[in-house]
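Trainee: Sequence:
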Amino acid sequence: MRMARLGCLLLLATCSFAAQAKMVHKPVEWNLDGTTFHSVLVYDDAVSAKRPGLVMVPNWYGVNDDALTKADGIAGKQYVILVTDMYGQKVRPTSDDQAMAAVKPLYGDRALMRKRIGTALDQLKAQAKDAPLDVAHLAAIGFCFGGSAVLDLARSGADIAAVVSFHGGLTTDNPALSKQIKARVLVMNGADDKGTMPDADKFMDEMRASPADWQFVVLGNAVHCFTEKGQNKEGCRYDERAAQRSYRLMHDWLHAAFAGTP
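Its first residue numbered 994, the sequence shown is counted upward by one per residue in the working numbering.
It is possible that some hints are incorrect.
[To be verified] Below 25 Å or equal to it, Euclidean Cα-Cα: the simulated DSS-like pairs (lysine-lysine) are:
{"hint": "1", "residue 1": "K1083", "residue 2": "K1097"}
{"hint": "2", "residue 1": "K1222", "residue 2": "K1195"}
{"hint": "3", "residue 1": "K1097", "residue 2": "K1015"}
{"hint": "4", "residue 1": "K1097", "residue 2": "K1019"}
[Stated by the list, open to error] Label pairs and their computed distance ranges (CB to CB):
{"hint": "5", "residue 1": "S1088", "residue 2": "A1042", "range": "16 to 26 Å"}
{"hint": "6", "residue 1": "D1166", "residue 2": "E1022", "range": "37 to 47 Å"}
{"hint": "7", "residue 1": "S1088", "residue 2": "A1039", "range": "31 to 41 Å"}
These aren't lab readings, by the way, just hints derived from the structure by calculation.
All values reported here derive from a predicted model rather than from experimental measurement.
Heads up, the beta-carbon is just placed ideally off N, CA and C, and yes, glycines get one too.
All chains should be built: construct the whole structure from the sequences, respecting the hints.
Mentor: Okay, here's the thing in structure tokens:
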């Protein structure tokens, strides 16, 4: 009876702890060139062990509830994620037209894009003083516009283990920058993505000229936005099969990069 009672008490204590554990959403702000950026650090506080950190750049709508929900699912108990504001806290697009206006200056000035994403990486590192972050294991992931941003982070020569791009833009202002890449590069695009796939051959030529360990994955029957739940437009559509496959590939790629294995 005493053992049974003790078992019940332990179970209640475990359930109580589990109930208190939650995904942390911590605001992270910084100022760059007179603009204040408002990002969000995401991690599960049920785990105290240090874990790898990811800079995550969302699609062109930037930091919003959908991006945070996606970060929650990816982070789990495995990663600390900085959901990165690339526009400044006053720019929060709610329509495609507003999003296009937000990304235009960054696509038009890739040096500015690299500066902003590089600053985000520095800000992620700085969170190690309070968050369970292993700064020896860092990477970046991005979606649509965010894929372009993390590829530019790799091209900048950032000292990180890996970058992963989901249905991201493949172009660059300077193909020679690929010679600076230190990260392992995984790029995943839909076979029927009319916005990005026309640039695939040039991108692969760029990667061939780099020292990078890279892989370009073409997901059959998928168009743009295949990881974006709720998207169901012509040329921009969520695809459950492609999304789940790409996430599995991402986790495998990151685990191998952090472990230093093939």
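Trainee: Look at each hint and say if it fits the structure.
Mentor: Right, here's what the structure says about each hint:
1. K1083 / K1097: OK: K1083 and K1097 at ~16 Å, within 25 Å.
2. K1222 / K1195: violated, 29 Å
3. K1097 / K1015: violated, 36 Å
4. K1097 / K1019: Since the Cα atoms of K1097 and K1019 sit roughly 28 Å apart, the hinted pair is violated (cutoff 25 Å).
5. S1088 / A1042: 16 to 26 Å: violated, 41 Å
6. D1166 / E1022: 37 to 47 Å: With Cβ atoms ~29 Å apart, the hint is violated.
7. S1088 / A1039: 31 to 41 Å: holds, 37 Å
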